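Single-letter residue listing:
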Amino acid sequence: MPSFPHPQQAQREDLAALRRRIVEMERLSGLPDGPARPRLSLGGSLDEALGGGLARDALHEAFPAEKGNAAAVLGFALALAAGTRKPVLWVRQDMAALEGGDIYGPGCAAFGLDPSRLILVAAADAADTLGAAEEALGHGALGLVVAEPWGSPRLIDLTATRRLALRSERSGVPSLLLRPGADPGPSAAATRWRVAAAPSRVAGDVPAFCLGPPAFALEIERNRLGPTGHFTVEWNAHARRFTPAPRRALPAAPADRPAAPQPAGASHVVFGWRRTG
Amino acid sequence: MSSSAGAAPADPPLVTVEVKANARRIAAVDAAAARLGLHPGLTLADAQARVPQTEAVEADAAADAALLTAIASWCERWTPFVAVSGPDGIVLDITGCAHLFGGEAALLSAMTERLAATGLAACGAVAGTARAALALARWRPGQVVPAGGDREAVAPLPVDALGLDAEAGRSLAYLGLVRIGDIAGKPRAALAARFGSVLVERLDELCGAASPPISPLNPLPVYVAERRFAEPMGDEATARAVLADLARDLAGVLERHGEGGRRFEAAFFRSDGAVRRVAAGTAAPLRDGARLAGLFRERLAALADPLDPGFGYDVIRLSVTAAEPLAATQSGFGAEPAGAGLDQLVDTLSARLGPRRVTCLAAQDSHIPERATVRVPAQKAWRSREALAHDWAEPAAADAPLARPPAMFPVPEPVETLAQVPDGPPLRFRWRRVLHEVARAEGPERIAPEWWTALDGNRPGLTRDYFRVEDTQGRRFWLYREGTYGRETSTPQWFLHGLFP
Numbered sequence: 001m002p003s004f005p006h007p008q009q010a011q012r013e014d015l016a017a018l019r020r021r022i023v024e025m026e027r028l029s030g031l032p033d034g035p036a037r038p039r040l041s042l043g044g045s046l047d048e049a050l051g052g053g054l055a056r057d058a059l060h061e062a063f064p065a066e067k068g069n070a071a072a073v074l075g076f077a078l079a080l081a082a083g084t085r086k087p088v089l090w091v092r093q094d095m096a097a098l099e100g101g102d103i104y105g106p107g108c109a110a111f112g113l114d115p116s117r118l119i120l121v122a123a124a125d126a127a128d129t130l131g132a133a134e135e136a137l138g139h140g141a142l143g144l145v146v147a148e149p150w151g152s153p154r155l156i157d158l159t160a161t162r163r164l165a166l167r168s169e170r171s172g173v174p175s176l177l178l179r180p181g182a183d184p185g186p187s188a189a190a191t192r193w194r195v196a197a198a199p200s201r202v203a204g205d206v207p208a209f210c211l212g213p214p215a216f217a218l219e220i221e222r223n224r225l226g227p228t229g230h231f232t233v234e235w236n237a238h239a240r241r242f243t244p245a246p247r248r249a250l251p252a253a254p255a256d257r258p259a260a261p262q263p264a265g266a267s268h269v270v271f272g273w274r275r276t277g
Numbered sequence: 001m002s003s004s005a006g007a008a009p010a011d012p013p014l015v016t017v018e019v020k021a022n023a024r025r026i027a028a029v030d031a032a033a034a035r036l037g038l039h040p041g042l043t044l045a046d047a048q049a050r051v052p053q054t055e056a057v058e059a060d061a062a063a064d065a066a067l068l069t070a071i072a073s074w075c076e077r078w079t080p081f082v083a084v085s086g087p088d089g090i091v092l093d094i095t096g097c098a099h100l101f102g103g104e105a106a107l108l109s110a111m112t113e114r115l116a117a118t119g120l121a122a123c124g125a126v127a128g129t130a131r132a133a134l135a136l137a138r139w140r141p142g143q144v145v146p147a148g149g150d151r152e153a154v155a156p157l158p159v160d161a162l163g164l165d166a167e168a169g170r171s172l173a174y175l176g177l178v179r180i181g182d183i184a185g186k187p188r189a190a191l192a193a194r195f196g197s198v199l200v201e202r203l204d205e206l207c208g209a210a211s212p213p214i215s216p217l218n219p220l221p222v223y224v225a226e227r228r229f230a231e232p233m234g235d236e237a238t239a240r241a242v243l244a245d246l247a248r249d250l251a252g253v254l255e256r257h258g259e260g261g262r263r264f265e266a267a268f269f270r271s272d273g274a275v276r277r278v279a280a281g282t283a284a285p286l287r288d289g290a291r292l293a294g295l296f297r298e299r300l301a302a303l304a305d306p307l308d309p310g311f312g313y314d315v316i317r318l319s320v321t322a323a324e325p326l327a328a329t330q331s332g333f334g335a336e337p338a339g340a341g342l343d344q345l346v347d348t349l350s351a352r353l354g355p356r357r358v359t360c361l362a363a364q365d366s367h368i369p370e371r372a373t374v375r376v377p378a379q380k381a382w383r384s385r386e387a388l389a390h391d392w393a394e395p396a397a398a399d400a401p402l403a404r405p406p407a408m409f410p411v412p413e414p415v416e417t418l419a420q421v422p423d424g425p426p427l428r429f430r431w432r433r434v435l436h437e438v439a440r441a442e443g444p445e446r447i448a449p450e451w452w453t454a455l456d457g458n459r460p461g462l463t464r465d466y467f468r469v470e471d472t473q474g475r476r477f478w479l480y481r482e483g484t485y486g487r488e489t490s491t492p493q494w495f496l497h498g499l500f501p
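Those protein sequence lines, which keep their order, are chains B and Z.
Going by the numbering used here, the first sequence opens with residue 1, and the numbers climb by one from there.
Going by the numbering used here, the second sequence opens with residue 1, and the numbers climb by one from there.
Mixed in with the good hints there might be a few duds.
[Said to hold, decoys possible] Partial list, derived from the structure: chain Z residues whose beta carbon lies under 8 Å from chain B:
hint, residue
1, A241
2, R404
3, A407
4, E442
Please keep in mind that the hints were generated in silico from the structure rather than gathered at the bench.
Since this is a predicted model, take the numbers as computed values, not measurements.
Glycine is no exception: its CB is placed at the ideal position from the N, C-alpha and C atoms.
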């Protein structure tokens with residue numbers, strides 16, 4: 001005779017399954033998960049260091065690690081935007097677009113950020129940029145507000161960042177202050193990130209001359225809510241999360257001849273062909 | 001209504017001159033010159049021989065047209081249906097408006113008085129058709145023709161009132177037909193055979209038998225709410241408060257008709273004749289008075305050239321210039337649909353920064369990278385974004401680099417490059433004065449120009465070979481070489497088109 005579970009137990013299991021589904025749905029729709037502080041998941045080692053992800057009700061800021069890393073800073077913002085399922089409003093000062101290039105739809109789609117979720121706002125100056133971001137932070141329907149002023153205007157100080165932080169706290173919409181051409185100053189941001197590009201990995205069956213997925217050298221330089229640290233990560237556009245970069249292996253020396261001593265600083269350039277596009 | 005500049009009798013006669021038929025001829029005269037017998041068409045030499053003290057200035061047709069348009073715009077305080085006619089006429093359709101100003105005669109005298117007060121000599125007439133009114137204003141100013149009386153009213157006018165060319169006018173005069181009344185009774189077939197159908201059409205328009213449409217200066221509003229002040233009102237804060245009141249009134253009107261406005265226009269009529277118009281649009285039909293008032297608050301605060309009340313406004317008008325059906329909605333018990341509140345945010349930011357500064361990305365069907373996407377104003381596209389979502393490519397696979405850069409320069413930036421000839425990737429390149437050593441490169445991805453655009457006479461451009469390259473520090477770039485070596489060019493140029501993270 002087949003054994004049936006007790007009806008009450010079956011009910012309990014059903015309920016538990018439903019609860020798990022709700023949790024899963026909430027995670028996908030970007031709703032806060034439970035009474036704990038809502039988080040924006042970044043993936044892997046970053047989530048561990050941040051205690052579950054980036055705080056949603058706070059201001060974060062990102063600077064390039066050194067000059068010439070504006071594209072990596074932009075990539076970091078795109079990654080945060082791709083991590084939320086809600087619409088994203090991105091305010092850019094005109095000068096930032098001139099210096100760093102326009103946000104390009106097919107590129108965003110390839111990065112894993114659906115371009116139809118983006119509202120792009122072009123602001124003439126830093127005051128308009130901050131004003132538009134503050135206005136947008138009042139709307140809980142947004143998943144992220146990115147403000148990208150150019151350079152280091154005097155306007156962006158402790159007061160201005162505090163205003164953004166307070167508005168984020170009130171509405172639960174995370175805000176990201178993107179400063180691709182600036183040096184850090186006093187700020188009320190919860191975390192400060194230093195972003196640089198990282199060389200492509202050499203791993204697996206990928207030839208040494210080929211590019212890997214987008215790679216970042218991230219540093220949490222300041223964190224009011226937790227520890228700081230360095231992370232070398234890759235962006236997985238399909239899963240929309242950062243994954244730790246695989247250990248980099250040096251290209252194997254040809255076996256039939258002894259390794260030639262390389263002069264310091266010389267790069268070993270290999271070119272090859274792979275179908276693209 | 002026609003107008004010409006008035007002058008004090010003590011002033012010397014003033015004429016404007018233009019070059020016409022190989023001579024400098026008088027284009028317009030003032031009252032003093034007219035009294036001395038000068039008239040348009042006279043050569044300047046003749047005029048100065050008759051009246052040596054004549055002062056002549058060059059005619060400026062563009063400035064005249066601008067003044068006439070400004071006066072027409074000012075006339076919109078009486079009716080929204082105002083059109084400019086010819087170089088010196090303005091036509092107002094006062095159907096259904098006259099009773100607001102105490103009848104047709106009262107409206108006409110009020111208009112001419114107010115124009116005279118600003119220093120413009122104007123004469124007008126009221127008639128059943130635009131052509132009849134214009135003809136009466138020129139030859140019998142001040143007349144108010146009762147309904148159906150056009151035929152009798154225009155009978156004594158000269159045949160010039162038909163506005164025919166000079167030759168037709170001469171042959172009519174030759175036949176002894178000098179007044180409209182002389183022609184109006186003649187058999188139409190004979191008239192049409194002799195002078196063409198134009199004469200018959202014009203005659204019908206003049207006698208009220210036909211009324212061709214007139215095209216208004218500004219698009220006619222769908223709904224209007226306005227406030228008139230007995231005294232010019234110069235306080236800006238009050239003007240804003242009045243605008244908020246009007247927004248509430250307009251919301252009520254829209255509600256009654258089951259519609260919502262998509263485009264709105266506020267017009268501030270200053271007592272000295274200047275009119276300031278401020279437009280605002282919305283992403284979705286709107287009939288919420290408070291939100292509409294908020295929209296105009298943003299719009300007025302963002303004006304580069306702020307409102308100047310001058311000596312005060314005497315009319316403030318808020319109109320709906322485009323409306324769409326909007327069914328009454330009941331707010332649900334559950335959560336709002338995702339993105340519902342964003343219409344309002346898009347409207348606010350569009351009003352503050354301008355609709356072209358708040359955009360969405362839409363995919364376009366082109367393989368030329370810079371044409372593959374276009375920015376559309378969010379007010380137009382945001383509500384239909386679900387329809388836009390399917391056009392984009394899938395994200396890159398987990399281990400693959402991106403096929404397209406998320407940041408792209410709309411105008412590719414030239415770079416100095418050391419590259420393998422004929423079609424190899426670059427070894428090093430200099431962009432914005434920084435030298436980058438290439439560590440890895442992938443390519444080429446060949447993108448041919450759109451040859452079919454050459455059929456329209458455009459230059460379709462050259463073939464591009466795109467490379468994804470990474471420098472020694474891990475920064476990634478999207479470079480291309482323009483032109484295939486040896487076939488399209490012997491010195492290919494390199495450009496940087498985008499940046500990969």
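Margin query: If you test the structure against every hint from before, which numbers come out violated?
Written below: 1
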